[in-house]
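J.: Single-letter residue listing:
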Amino acid sequence: MKPSMPPPAATWLLRRFGSGRGIEFLIGDLMEGYAHGRSVGWYWRQVLFAIVIGFFHEVRGHKLLAIRAIVTGWAVWLFLCGLLRNPPAVGDGVQSVLAQVLPANWWIHSFYPFALIFCHERLGSSKAPSPTSNGNGAGIRCLCAVMPFSVADNPGGRFAG
Amino acid sequence: MRTKLDHLGNFELIVLLALIRLRADAYGVPISQEIEERIGREVALSSVYATLERLEEKGLVSSDLGEPTSERGGRAKRYFRINGKGLRVVRETKRGLIKLWQGLPELRGELT
Numbered sequence: 001m002k003p004s005m006p007p008p009a010a011t012w013l014l015r016r017f018g019s020g021r022g023i024e025f026l027i028g029d030l031m032e033g034y035a036h037g038r039s040v041g042w043y044w045r046q047v048l049f050a051i052v053i054g055f056f057h058e059v060r061g062h063k064l065l066a067i068r069a070i071v072t073g074w075a076v077w078l079f080l081c082g083l084l085r086n087p088p089a090v091g092d093g094v095q096s097v098l099a100q101v102l103p104a105n106w107w108i109h110s111f112y113p114f115a116l117i118f119c120h121e122r123l124g125s126s127k128a129p130s131p132t133s134n135g136n137g138a139g140i141r142c143l144c145a146v147m148p149f150s151v152a153d154n155p156g157g158r159f160a161g
Numbered sequence: 001m002r003t004k005l006d007h008l009g010n011f012e013l014i015v016l017l018a019l020i021r022l023r024a025d026a027y028g029v030p031i032s033q034e035i036e037e038r039i040g041r042e043v044a045l046s047s048v049y050a051t052l053e054r055l056e057e058k059g060l061v062s063s064d065l066g067e068p069t070s071e072r073g074g075r076a077k078r079y080f081r082i083n084g085k086g087l088r089v090v091r092e093t094k095r096g097l098i099k100l101w102q103g104l105p106e107l108r109g110e111l112t
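Those protein sequences? They're chains A and B, same order as listed. Under my numbering, the first residue of the first sequence carries the number 1, and numbering increases by one thereafter. Under my numbering, the first residue of the second sequence carries the number 1, and numbering increases by one thereafter.
Keep in mind the hints are simulated off the structure, nothing from the lab. Note that the structure is a prediction, hence the values are computed from the model and not measured. Note that beta-carbon positions come from the ideal geometry of N, C-alpha and C, so glycine has one too. There's no promise every hint is true.
Stated by the list, open to error - With a straight-line Cα cutoff of 30 Å, these simulated BS3-like cross-link-like pairs (lysine-lysine) come out: (1) Lys58/B to Lys63/A; (2) Lys99/B to Lys85/B; (3) Lys85/B to Lys58/B; (4) Lys58/B to Lys94/B; (5) Lys63/A to Lys85/B; (6) Lys99/B to Lys58/B.
As the list claims (entries may be wrong) - Here chain A is said to cover these stretches of chain B; the calculated rule only asks that three of the stretch's residues, wherever they fall, bring their Cβ under 8 Å from a Cβ of chain A: (7) 24-30; (8) 65-75.
With the rest of the complex left out, here is chain A (with noise of 0.2 Å):
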């Protein structure tokens, strides 16, 4: 038997992770749908969807920060990742401190580039209003919850605001 409320999950997940202007008409719809007898499926497909189209949206409308963030993450990514494995002359310190804020299974972080899109989307957006965001800064609370040494934990940083 269908539940008579939609997944709560799921429209946690889009008020998080989607975006664009529309985000409560949307969700207002599907919740509209599912109560005209559309299934759970349907509504958590939508819901996937709309993440998925909102991501791509964003990087659609700000195609040089998309660029320069993917550049910046995997300069760093690739940085930190050489250091690891050649460190500088300068004692065992560096490589155990690096060793320690770096996770052994580093692989699975290896998307950090593509959150990063959302947090430059986010930043630029904050000087200038996009059309396209709902300004909400999903994408840096995105970044933060996935990332093992989180920005988040520096409060002076400029991911802070």
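Start from chain A and add chain B according to the hints.
T.: Same frame as chain A, now just chain B:
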């Protein structure tokens, strides 16, 4: 002279035709239902919204806020309607497509 902004993609044309059919009752749910019934496959509501926002940026449609309802969790509807420029672009697109269709023996009898 048609500009790049006047060019309609396939899905943009589909959404505009759905708006014309629905007239005053065109918001997310009925638009997606209309398209699904006509083309026979599931449509992502988010892609409908993304297309409508693009069409609004092109100046082909306009939108108004509707009344909130309880089944929508108290959220308002966003009604869309096609304007004069949008109708003109649809007519020009139809004219262009008919010209492309004509004179093709392989497709004879399908344009009725």
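J.: With reference to the structure, classify each hint as holding or not holding.
T.: Tested hints:
| no. | hint | verdict |
| --- | --- | --- |
| 1 | Lys58/B to Lys63/A | 20 Å, holds |
| 2 | Lys99/B to Lys85/B | 21 Å, holds |
| 3 | Lys85/B to Lys58/B | 10 Å, holds |
| 4 | Lys58/B to Lys94/B | 18 Å, holds |
| 5 | Lys63/A to Lys85/B | 29 Å, holds |
| 6 | Lys99/B to Lys58/B | 25 Å, holds |
| 7 | 24-30 | holds (count 3) |
| 8 | 65-75 | holds (count 6) |
Every hint, counting from the list given before, is met by this structure.
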